[in-house]
Amino acid sequence: MARPRARPRRDTRADAVALALAPTGPRFLAIARALVADLERGRWRPGQRLPSSRALAASLAVHRNTVLAALAEVEAQGWLTSQPGRGLFVSLDLPAGPPRPAGSAPAGTGELPSATVTLPALVAGLRPSSPAGPARAATPMLGLSLGMPDPRLVPIDELARAWRRVIRRSGRRLLGYGEAAGHPALRAALATLIRTLRGVPAGPEHVLVTRGSQMALDLCARALLRPGATVAVEAFGYAPAWNALRLAGARLVPIAVDGDGLDVAALARLVARRRVDAVYVTPHHQYPTTVTMSPARRLALLALARRHGLTILEDDYDHEFHYASRPVPPLAASDAPGPVVYIGTLSKVLAPGLRLGFVLAAPPVIERLTVWRAAMDRQGDLAMEAAVAELMSEGELTRHMRKMRLRYQSRRDALVGALRRHLGDVLTIAAPAGGISLWAPVTAPVDVARWLTACAASGVDLAPGARYTFDGHDPRALRLVFAPWTEGELARAVATMAAALPRPGQRPRS
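Note that my numbering has the sequence shown beginning at -12, numbered continuously upward.
Among the clues, some could well be false.
What the hints assert, rightly or not - Here are the computed lysine to any residue pairs in the SDA-like style, where the Cα-Cα straight-line distance is at most 25 Å:
#1 K390 <-> A478
#2 K390 <-> T473
#3 K390 <-> R479
#4 K390 <-> M363
#5 K390 <-> M135
#6 K390 <-> P227
#7 K390 <-> M379
#8 K390 <-> A401
As the list claims (entries may be wrong) - So the derived label-pair ranges between C-beta atoms look like this:
#9 G74 <-> G404: 37 to 45 Å
#10 G475 <-> D144: 19 to 27 Å
#11 D458 <-> A48: 41 to 49 Å
#12 G190 <-> E381: 18 to 26 Å
#13 A283 <-> G163: 48 to 56 Å
#14 R407 <-> T473: 43 to 51 Å
#15 E381 <-> E166: 17 to 25 Å
#16 E381 <-> A283: 37 to 45 Å
#17 G411 <-> R36: 43 to 51 Å
#18 A431 <-> A283: 16 to 24 Å
#19 R313 <-> G190: 22 to 30 Å
#20 A290 <-> D458: 24 to 32 Å
Calculated directly from the structure, the hints in this document are not laboratory data. Computed from a predicted model, the values in this text were never measured in an experiment. Glycine included, every Cβ here is placed at the ideal spot set by N, Cα and C.
The whole structure should be built from the sequences, with the hints applied where relevant.
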């Protein structure tokens, strides 16, 4: 007699996440914390593929964009890796126990290994440090660590109407195969925006549309750099970019950053000693310090690149949000034709869940990148690309950017004022000229790790400076993101930070 077939076991992993969610607070942060907790407990195995964002959203009864924002946060912390066309996978080197306190990781040697190192070792070197085991907050979490715009301000109705219009007008064509370089209307609209608002000479043939700036970075690393290439990077910087470069086989060398941006003289000394193939830089609002590269250094960097054949990978991730004056033109605006490959995104001006970024470069470079993009991910979301192009052609995106610039400037001022009132003797506070965050060095003799743990327990999530240093050292600084929060929410966050400040002789919370 044949045995009855065993009933397939129901995958309850998404339900396990749901059980861990807090009943209140920003849902995407709650989901992100719950996923990280599951990863720490070993519920998800290294290399295991996660359920789709749609499946997770259905299981958790939340909007898919909420899940996408949560997954982006967990990926940015290094717990997950994205494989375009396949999905998200658990990183291969998950820690055996809770993450170590900020700054406890061994310092780097100044140069990262080449592609001959195994993948687990490569990924292990990239995961940013985070405070160890903060207590779960009993109150709604205010996350001042996640660099994203306020999703409550996205022009959803206008975007939905534009999407319906383009689907009604060209639905059959938009739902089929299209150009790997992106929808022609969006390429044209981006070229117009870059030319008129950023001063970079550009036509559609100079633009490649990508699924966010991270895909753009990965494409540039794989298509434009040979394995073993040496790339100079900012010593304070963006770990996912380092990740993309390392996994393409590049050797990374950190260059110091100060109040004028990348130290170009230090880069010149490096170039004089050895071959350097490229430099990755964020000159407009340096990530994470937000300083703007000085005009003298901009000219020196361009001259150095032309003289030695360096490729400049310019990441201009939040160009529109400059408050002290008109935005500074990109390096690419001075590049005729020159060595600059310009990377941008619409994540900060619209929403990261739309996954819309771009590369601007000479047409031969765009053609090469397009071949690689087609092999990696046949094309983007043509309907969404067409809808965003419609918003841009109608002037809606420009109007939205102007409103957001004023709104974020007000929030910056509110955060700076609150910090000066409550923590002026603890932090060095300077209003950034642009960007969506500020960099605050800790000047008082405070146990920063204890302070961040106490803040998290009280409902405020903060990013330690060690998360952004190339060698993992603790610079005793905080990156505070103000864009997603109202003036009142920021005031509440700063009051919580002040109340959580460890006092001399105070015992840590158990």
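Taking the hints in turn, this is what the structure says about them:
Restraint check for K390 and A478: satisfied, since their Cα atoms lie roughly 22 Å apart, inside the 25 Å limit. Restraint check for K390 and T473: satisfied, since their Cα atoms lie roughly 14 Å apart, inside the 25 Å limit. Proximity of K390 to R479 is assessed by CA-CA distance (about 24 Å); at most 25 Å being required, the pair is judged to hold. Annotation: proposed proximity of K390 to M363 is violated, straight-line Cα distance about 36 Å (limit 25 Å).
Simply put, K390 and M135 have alpha-carbon atoms about 16 Å apart, close enough for the 25 Å limit, and the pair holds. At most 25 Å may separate the alpha-carbon atoms for a hinted pair to count; K390 and P227 exceed this at roughly 29 Å. Using a Cα cut-off of 25 Å, the hinted pair K390 and M379 holds, with the two alpha carbons roughly 15 Å apart. A distance of roughly 17 Å separates the Cα atoms of K390 and A401; the hinted pair therefore holds under the 25 Å criterion.
Roughly 44 Å separates the CB atoms of G74 and G404, a value that falls within the hinted 37 to 45 Å. Judged by the Cβ atoms, the range 19 to 27 Å given for G475 and D144 holds: they are separated by roughly 25 Å. Between D458 and A48 the beta carbon distance is about 43 Å. The supplied range of 41 to 49 Å therefore holds. Between G190 and E381 the beta carbon distance is about 21 Å. The supplied range of 18 to 26 Å therefore holds.
Hint check: A283 to G163, Cβ distance near 51 Å, so the stated range 48 to 56 Å holds. A beta carbon spacing of about 19 Å between R407 and T473 contradicts the range 43 to 51 Å that was offered as a hint. The hinted range of 17 to 25 Å is satisfied by E381 and E166, whose Cβ atoms lie roughly 23 Å apart. Between E381 and A283 the Cβ separation comes to about 40 Å, which falls inside the hinted range of 37 to 45 Å.
Separation of G411 from R36 is about 48 Å and conforms to the stated range, judged on CB atoms against 43 to 51 Å. Evaluation of the 16 to 24 Å hint for A431 and A283 yields a failure: the beta carbon distance comes to about 34 Å. One distance hint, 22 to 30 Å for the beta-carbon pair R313 and G190, holds here, with the actual separation near 23 Å. At roughly 29 Å, the beta carbons of A290 and D458 sit within the given window of 24 to 32 Å.
Against the hints set out earlier in the document, violations occur for numbers 4, 6, 14, 18.
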